[in-house]
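Student: Residue numbers (numbering that gives the first Met the number 0), protein chains in the order written: chain A, 0 to 176; chain B, 0 to 543; chain C, 0 to 358.
Derived from the structure by calculation, the hints contain no laboratory data. Everything numeric in this text was worked out from a predicted model, so none of it was measured. Do not rely on the hints blindly, as some may be mistaken.
[Stated by the list, open to error] Pairs of lysine to aspartate or glutamate residues, derived as DMTMM-like cross-links and limited to a Cα-Cα distance of at most 25 Å, are as follows:
(1) 119(A) / 204(B)
(2) 208(B) / 218(B)
(3) 30(A) / 31(C)
(4) 119(A) / 174(B)
(5) 168(A) / 209(B)
(6) 126(B) / 116(A)
(7) 119(A) / 124(B)
(8) 288(B) / 141(A)
(9) 408(B) / 427(B)
(10) 119(A) / 96(B)
(11) 7(A) / 328(C)
(12) 13(A) / 328(C)
(13) 126(B) / 157(B)
(14) 235(B) / 116(A)
(15) 236(B) / 99(A)
(16) 3(A) / 328(C)
(17) 208(B) / 72(A)
(18) 235(B) / 99(A)
(19) 119(A) / 136(B)
(20) 9(A) / 328(C)
(21) 203(B) / 130(B)
(22) 235(B) / 112(A)
(23) 37(A) / 328(C)
(24) 236(B) / 110(A)
(25) 208(B) / 45(A)
(26) 208(B) / 44(A)
(27) 169(A) / 209(B)
(28) 119(A) / 427(B)
(29) 37(A) / 31(C)
(30) 203(B) / 129(A)
(31) 119(B) / 145(A)
(32) 208(B) / 110(A)
(33) 482(B) / 110(A)
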Amino acid sequence: MPEKSMTKKKYNFKEALYLIEILRGLGVTIKHFFVRKKFAINYPEETLHIVGNTQQTMKVMDKDAQKLIDRMEVTMNYRGKHALLVDGDLGRCVACKMCETVCPFFAIYIEPEESPDPRKERSPRIFEVDLTRCAYCGYCVEACPENAITMTSFYSLVARQRPELSIQKKELRTVIK
Amino acid sequence: MPTFEIDGKKITVGQGVTVLEAARSQGIEIPHFCYHESFKSGGLCRMCLVEIEKMPKLQTSCTTVATEGMVVKTTTDRVKQARSAILEFILTNHPLDCPDCDQAGECVLQEYSHKYGPDKSAFREPKELREHIQLSEHIAYDPERCIMCERCVRYYRDVVGTEELAVMQRGAHSEITTFPGRQLDYGYIGNIADICPVGALTTKDFRFKERVYNLRTTETICPLCEAGCTIYVDAKKYTVYRVRSRNKNLTSLHEHPNRNVTALYPKVFIDAILRSSFICDDGRFGYKKAIENGAIPGPINRYEPENRTWNNVISLVAQKIKQAGSKVGGIVSPFATNEEAYAFLYLLKYISGTNTIGVIDFPGAKEFNGATKLQLRKGSQSPNLKGIEQIAGALGIKITPVEEVVASKPELLYVLGPTLNRMDAYTEKIGGIKFIVLQDFKASAFANNVHVVMPGFNFAQKDGTYTNKDGKVQRIRKAVDAKGDARNDLDILTDIIYNISGKKLGSFDNILGLMVKEIPFFNGADAAILTTGINFRKAAGRLW
Amino acid sequence: MVDYITVAIYTLMSVLVFVLILMTVAFLTLAERRVSAFMQDRLGPNRVGPWGLFQPVADGLKFIMKEDVTPLEANKVLYTVAPLLAIIPAMLTFAVVPFGHDLFLHGRVINLQIANFNVGILYIFAIASMGIFGIIIGGWASNNKYSLLGGLRSASQFISYEISMGLAVIGILMVYGSLKLNDIALYQGSLWFNAVPKWGVLVQPLGFIVFLVSVFAETNRVPFDLPEAESELVGGYHTEYSSMKFAFFFMGEYANMITASALIATLYFGGWQVPYLHNIGFIIPKLGIVHLQQWLVAIIEVLSFVVKVGFFLFFFLWVRWTLPRFRFDQLTALGWKVLIPLGILNIVITGALIMLRII
Chain A
0 MPEKSMTKKK YNFKEALYLI EILRGLGVTI KHFFVRKKFA INYPEETLHI VGNTQQTMKV
60 MDKDAQKLID RMEVTMNYRG KHALLVDGDL GRCVACKMCE TVCPFFAIYI EPEESPDPRK
120 ERSPRIFEVD LTRCAYCGYC VEACPENAIT MTSFYSLVAR QRPELSIQKK ELRTVIK
Chain B
0 MPTFEIDGKK ITVGQGVTVL EAARSQGIEI PHFCYHESFK SGGLCRMCLV EIEKMPKLQT
60 SCTTVATEGM VVKTTTDRVK QARSAILEFI LTNHPLDCPD CDQAGECVLQ EYSHKYGPDK
120 SAFREPKELR EHIQLSEHIA YDPERCIMCE RCVRYYRDVV GTEELAVMQR GAHSEITTFP
180 GRQLDYGYIG NIADICPVGA LTTKDFRFKE RVYNLRTTET ICPLCEAGCT IYVDAKKYTV
240 YRVRSRNKNL TSLHEHPNRN VTALYPKVFI DAILRSSFIC DDGRFGYKKA IENGAIPGPI
300 NRYEPENRTW NNVISLVAQK IKQAGSKVGG IVSPFATNEE AYAFLYLLKY ISGTNTIGVI
360 DFPGAKEFNG ATKLQLRKGS QSPNLKGIEQ IAGALGIKIT PVEEVVASKP ELLYVLGPTL
420 NRMDAYTEKI GGIKFIVLQD FKASAFANNV HVVMPGFNFA QKDGTYTNKD GKVQRIRKAV
480 DAKGDARNDL DILTDIIYNI SGKKLGSFDN ILGLMVKEIP FFNGADAAIL TTGINFRKAA
540 GRLW
Chain C
0 MVDYITVAIY TLMSVLVFVL ILMTVAFLTL AERRVSAFMQ DRLGPNRVGP WGLFQPVADG
60 LKFIMKEDVT PLEANKVLYT VAPLLAIIPA MLTFAVVPFG HDLFLHGRVI NLQIANFNVG
120 ILYIFAIASM GIFGIIIGGW ASNNKYSLLG GLRSASQFIS YEISMGLAVI GILMVYGSLK
180 LNDIALYQGS LWFNAVPKWG VLVQPLGFIV FLVSVFAETN RVPFDLPEAE SELVGGYHTE
240 YSSMKFAFFF MGEYANMITA SALIATLYFG GWQVPYLHNI GFIIPKLGIV HLQQWLVAII
300 EVLSFVVKVG FFLFFFLWVR WTLPRFRFDQ LTALGWKVLI PLGILNIVIT GALIMLRII
């Protein structure tokens, strides 16, 4: 095993004295104390705008977080509540169970059926996402072969009772409006 | 005995063996769709093309008989290119919607596309989409998915013999149909869904129910007649999703001991395979009859309604059996395994001293309409009748009809299920009997009128052995978990025996070992082989 | 004869100071969180009351409501006594700190100081070193290895820095020639070269630095908070403490900070002194006199003291959110190899300057 060695940095007199460097550090902190950038959001009073439509593809991500905060917008690639996309009146999902299979938390439950619509063969009779189990990892979106499931920037996921957080096909389809 | 070379390996095979079969016996994989060991090769799919020296064109290995001095190559660039081109042609109209298709996960085309297929297709035209056709009430046919291997057509021609299916139209429009206005006869139709290499033929029973890769496959025995066909049960958690046929011990034709090397398809050989490769529709679609579950959530005690725990019920039954002495009437269902029957008869013979037993009568398994070459059903719908007869004979117990047992008005009547509603006819005749015990997994009119009901397992939930009409001892395996507070029937019986006499019979393999030792009929049934289940298919003789 | 009115006034004053210190401690906890948040571009607690001002009340309530856990194997008596030992000396030290000069009321002279001892500085050293017992005993009585390590670290740290602190203070004593804190504050009002107030920081710059660093170590504040180093020792000496016992340790630490700030202000920044302000008003050499009422002068002096102490309290927080924690060997090396020699050097230089009559 090769021997690892570390050479200690040689300080010049100014640095070795510490005091000047400490003062510089104090300068940095006091600068932030008086001139603050806004990052935190006072949630119930201030809310972020959910921008864009989940139907459209992802916009170019904003690199500068400060710009987004100034505009009070959620990033487009934020992984929030799920949605099932619809082409016109025809749901895209074919109940292939890819998302159910890939989900590491068993948060998705699907029961397929013969589609009542002649344009496709099968569709989900039950499509249920348990948000209390979901960790918003986005694997389901990755796995979907039909691009049917996406994650919206809808972030306010609160409910008074657990069953309300188990969202069904109907709600998943309307969330994109 | 021709000797020839395949991929640089010199091998000697029997007369009339095809190149494909020879390659399989050597572990060399030649991809194929239309070849099936149960019927004649057609050379239809062209997937099994191989290069043979001194032949100008590539040859279909499934129809080329191996001859002396042949030099076969299966991995040359020419062969690879041909496979890729064939797959490209097959996929011109085959939709690439694997998520929609039930076959995904066990689809041969899917697998070969991964292994041998081209990256992209030269065809830019839209694929032709067609509606699915109902070939019978159990089978749906998707013409767009069909790759025209004609396995199903040849199955009906060579195996069933009724020739109900045919190819209509030509070229890209060709499709498999029945004669106009007819549907397939019920009987052996389910097998075509099994042998279809793609998702074109699907059973209504399983269509769009569950992905195959989510199912756990268990090797077990069909319980619906005395033939004891070997089946796979595909299940997930508590639910059985489908039953498939299991090709017993044949991994390839070549290994079969009865192989007659002088003829390509000898009659004896085909019969042997037919019996092993296919199952009837009653077994495939009727399994639900034998596994309905959940009707009895826990032990029922109408004698002392407040004592409903397993311990209470078992000690009550044990106490009653002890009091009744030899006046115990026993009725056993032929759905009970050999081990359960042994334990039950042991209880009657050595603990109570009863010398007769009633066996529930199930109607005979009727053969299906039509003059089919395939006749798989045997005897009555009682999978273990032979086993019970043998054990009763060995223990010196006389088998009588159920009526006699009921009519003799015993002090205690013990019915070992599953009764599958066959005891309902006796509901009124049991009036005078003081104490009736029933072991069953399913509620019935009879169960509502007995004193103690102990919920047991169905055939998919327990381990054990069945003896078929030919005398083969075959293993059934646990495929699904039991819901609720049901218990293994064998454990209930051994607990009762232990409670009365203090004798421990042990678990099912111990009892099987005991039977092998004591009953001559079971001699040679190696408990170890039957219980491990890994090598049992290779065991000789009666053991499967 | 006992002057009851004087006794009553000083009693009232001590109670007032006690309450004020506790109030300051409470709001210091809030200030710590808000200041740290601001320095990190965050918001800090702002939910309870306007600007989060009632947060200390909520915290206090929480401390009272929480279950008071005593470990099974702990020494019950010492475990209970330790938090008291931590907070009481911190409070007592403040007794000798002057927060104003004299107030003349109805012919009565009132020292704005609870006790004007003639051994003021020695009293401070004596009492402040009692505070360390709370930490050591608390760490030992918890019967927890982390607590014990915290307590031991605290002890060795205290020994190291008590010396350099004493050496730094000797310089002050040499210059002002008194142990009384009020006198020291008073002398800092005299002018140097008839122009500049003779504040300790100007006549003793080296001593000030040594004293400042030592005070940080004495109060267990970052960068010298090794006794409670969260990342190494869970919670240090107060790992096992909960509820009000923990709150006492917490309050003790902040009370120590207030006392330390007051000492720095008194010894090096003129205490209650405002430059050029005397009993009769501002006297600026060569420019003239601004006459003020005596009570107004007293108020200005007290305010001046409060502002100075406030600045140093802020300075404590400021340093905490700027510097990382020292390693323990670095801490002792700094104490023994740097600060003590510097303290001795300071004494020599001060002596020389006094000989040369520069100060």
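Student: Evaluate each hint against the coordinates.
Tutor: Against the structure, the hints come out as follows:
no., hint, in the structure
1, 119(A) / 204(B), "20 Å, holds"
2, 208(B) / 218(B), "21 Å, holds"
3, 30(A) / 31(C), "17 Å, holds"
4, 119(A) / 174(B), "21 Å, holds"
5, 168(A) / 209(B), "19 Å, holds"
6, 126(B) / 116(A), "20 Å, holds"
7, 119(A) / 124(B), "20 Å, holds"
8, 288(B) / 141(A), "41 Å, violated"
9, 408(B) / 427(B), "13 Å, holds"
10, 119(A) / 96(B), "11 Å, holds"
11, 7(A) / 328(C), "16 Å, holds"
12, 13(A) / 328(C), "23 Å, holds"
13, 126(B) / 157(B), "33 Å, violated"
14, 235(B) / 116(A), "29 Å, violated"
15, 236(B) / 99(A), "15 Å, holds"
16, 3(A) / 328(C), "23 Å, holds"
17, 208(B) / 72(A), "42 Å, violated"
18, 235(B) / 99(A), "14 Å, holds"
19, 119(A) / 136(B), "21 Å, holds"
20, 9(A) / 328(C), "19 Å, holds"
21, 203(B) / 130(B), "15 Å, holds"
22, 235(B) / 112(A), "18 Å, holds"
23, 37(A) / 328(C), "39 Å, violated"
24, 236(B) / 110(A), "15 Å, holds"
25, 208(B) / 45(A), "47 Å, violated"
26, 208(B) / 44(A), "48 Å, violated"
27, 169(A) / 209(B), "22 Å, holds"
28, 119(A) / 427(B), "54 Å, violated"
29, 37(A) / 31(C), "20 Å, holds"
30, 203(B) / 129(A), "30 Å, violated"
31, 119(B) / 145(A), "19 Å, holds"
32, 208(B) / 110(A), "7 Å, holds"
33, 482(B) / 110(A), "21 Å, holds"
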